[in-house]
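Using the sequences and the hints given, assemble the complete structure.
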Amino acid sequence: MEIKVMQNVLKANDVFAENTTELLKTKGVRLFNLIGSPGAGKTSVLELMIPLLKDKGARIAVIEGDCATARDAQRIATLDVPVVQINTGNGCHLDASQVGKVLGEFSLDALDMVIIENVGNLVCPTGFDLGADEKIAIISVTEGDDKPLKYPRIFHEAKAVILTKIDLIPYTNFSLQRFTDALRSIRQDQELFLLSCTTGEGSDPLVERFWP
Amino acid sequence: MLKKRVASVTLFLYTGCMHEMSIAAGIWSTVVDALDSGGHAKLLNVEVTLGEYLGVVNESLDLCWEAITMDDPRAIGSVLTLTLEPTEVACHQCQQTWLFNDHRYTCPQCGVSDSHIERGQSLFVNQIEVEE
Ligand SMILES: Nc1nc2c(ncn2[C@@H]2O[C@H](COP(=O)(O)OP(=O)(O)OP(=O)(O)O)[C@@H](O)[C@H]2O)c(=O)[nH]1
Ligand SMILES: [Mg+2]
Ligand SMILES: [Zn+2]
Chain A
818 MEIKVMQNVL KANDVFAENT TELLKTKGVR LFNLIGSPGA GKTSVLELMI
868 PLLKDKGARI AVIEGDCATA RDAQRIATLD VPVVQINTGN GCHLDASQVG
918 KVLGEFSLDA LDMVIIENVG NLVCPTGFDL GADEKIAIIS VTEGDDKPLK
968 YPRIFHEAKA VILTKIDLIP YTNFSLQRFT DALRSIRQDQ ELFLLSCTTG
1018 EGSDPLVERF WP
Chain B
150 MLKKRVASVT LFLYTGCMHE MSIAAGIWST VVDALDSGGH AKLLNVEVTL
200 GEYLGVVNES LDLCWEAITM DDPRAIGSVL TLTLEPTEVA CHQCQQTWLF
250 NDHRYTCPQC GVSDSHIERG QSLFVNQIEV EE
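Quick mapping for you: the protein sequence lines, in order, are chains A and B.
Add 817 to the 1-based position in the first sequence for the numbering used here, that's all there is to it.
Add 149 to the 1-based position in the second sequence for the numbering used here, that's all there is to it.
Hints are supplied without guarantee of correctness; some may be wrong.
Unchecked claim - Here are some, though not all, of the chain B residues that point toward chain A, as calculated from beta-carbon distances under 7 Å:
1. Ile-172
2. Ala-174
3. Gly-175
4. Val-274
5. Val-279
The set of hints was computed from the structure by calculation and includes no laboratory data.
Only a predicted model underlies this, so the values are computations on that prediction, with no experimental measurement involved.
The beta-carbon is built from N, C-alpha and C at its ideal position, and this holds for glycine as well.
Right under this line is the structure:
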């Protein structure tokens, strides 16, 4: 016997994501989801930006996602902000239930923003809504200027892209023109931030972006 | 009960990227409602419309379905029948739409890259088949 159901299904992950969005809206806390390959410089961006944002008065907490170890959380803890490490084992992304649980460990009333460093991976984290206000793509010069074309989805979803390790451009065949063209072919209104965490070059516009 | 389910699923979880688990769990919660409300004893088949942009690996979804339904005797042996909804992109500038099969986000009509995914993210249970 066949029975018509005709129902939209909410993916289990999206239920948790919606809860997070609701919760943070009532608390007035913004949530950013940083996505980039292993070694792109995600933690380095946080290490550079968090002290600058704190100077401006921003109250920040960080969620670190990695397959293994608390190494990144330890790096962030030295900046004197609340940080929780999630280890995913072989899991290649954070999901919304993990993030929802961890949010319960922060005093949200004492925060302005929570920044998630997702597991190093340019593909899988894109498909998992964490309830964040926005996804931000982080990509480094050494990955090559064609990566937006090869892994376009994150660059379609992320309004802001941070290109890290620009201090290395002279030592590689990276073409900023080709990179920008590739980005614009996916999303013309993209905001591109050029950054070197080694020299600090490019940090001002980013501070402005996170804390206008 | 939940513990056991999670443990049995871990194996699959670690073989790939588990979109599929989240999707299977969503489908199952919809199906359970239908089974409960109709008082049906045996589920045979679930017809699902699945968006291509969700990037589902069918084999993984089948495995996840098996794992997520294993504790409910009504669902043992039931299968998912999938209808793929193609991904369609829409241009914000000129309203043109196109299929995403060549993975282009640039509008073929006006040449601008200012688009959103119009179709291809659906997850919809059309109907279930149960034993009479
Ligand atoms: N030259 C240069 N090196 C950088 C820059 N940013 C990061 N690095 C180096 O790149 C390496 C990886 O940086 P991380 O910040 O650990 O990268 P990540 O994206 O957090 O890596 P995972 O968490 O493992 O995915 C480190 O050795 C950094 O010192 C930069 O702007 N310039
Ligand atoms: Mg890191
Ligand atoms: Zn157009």
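Results for each hint:
A least Cβ separation of about 5 Å between B:Ile-172 and chain A falls short of the 7 Å threshold, and the interface hint therefore holds. Satisfaction of the interface hint for B:Ala-174 is found here, the shortest Cβ-Cβ separation to chain A being roughly 4 Å, below the 7 Å cut-off. Because the closest C-beta pair between B:Gly-175 and chain A is about 4 Å apart, less than 7 Å, the hint holds. A cut of 7 Å between beta carbons decides the hint on B:Val-274: the least distance to chain A is about 5 Å, and the hint holds.
A cut of 7 Å between beta carbons decides the hint on B:Val-279: the least distance to chain A is about 6 Å, and the hint holds.
Figure legend: structure checked against the earlier numbered hints; every hint is met.
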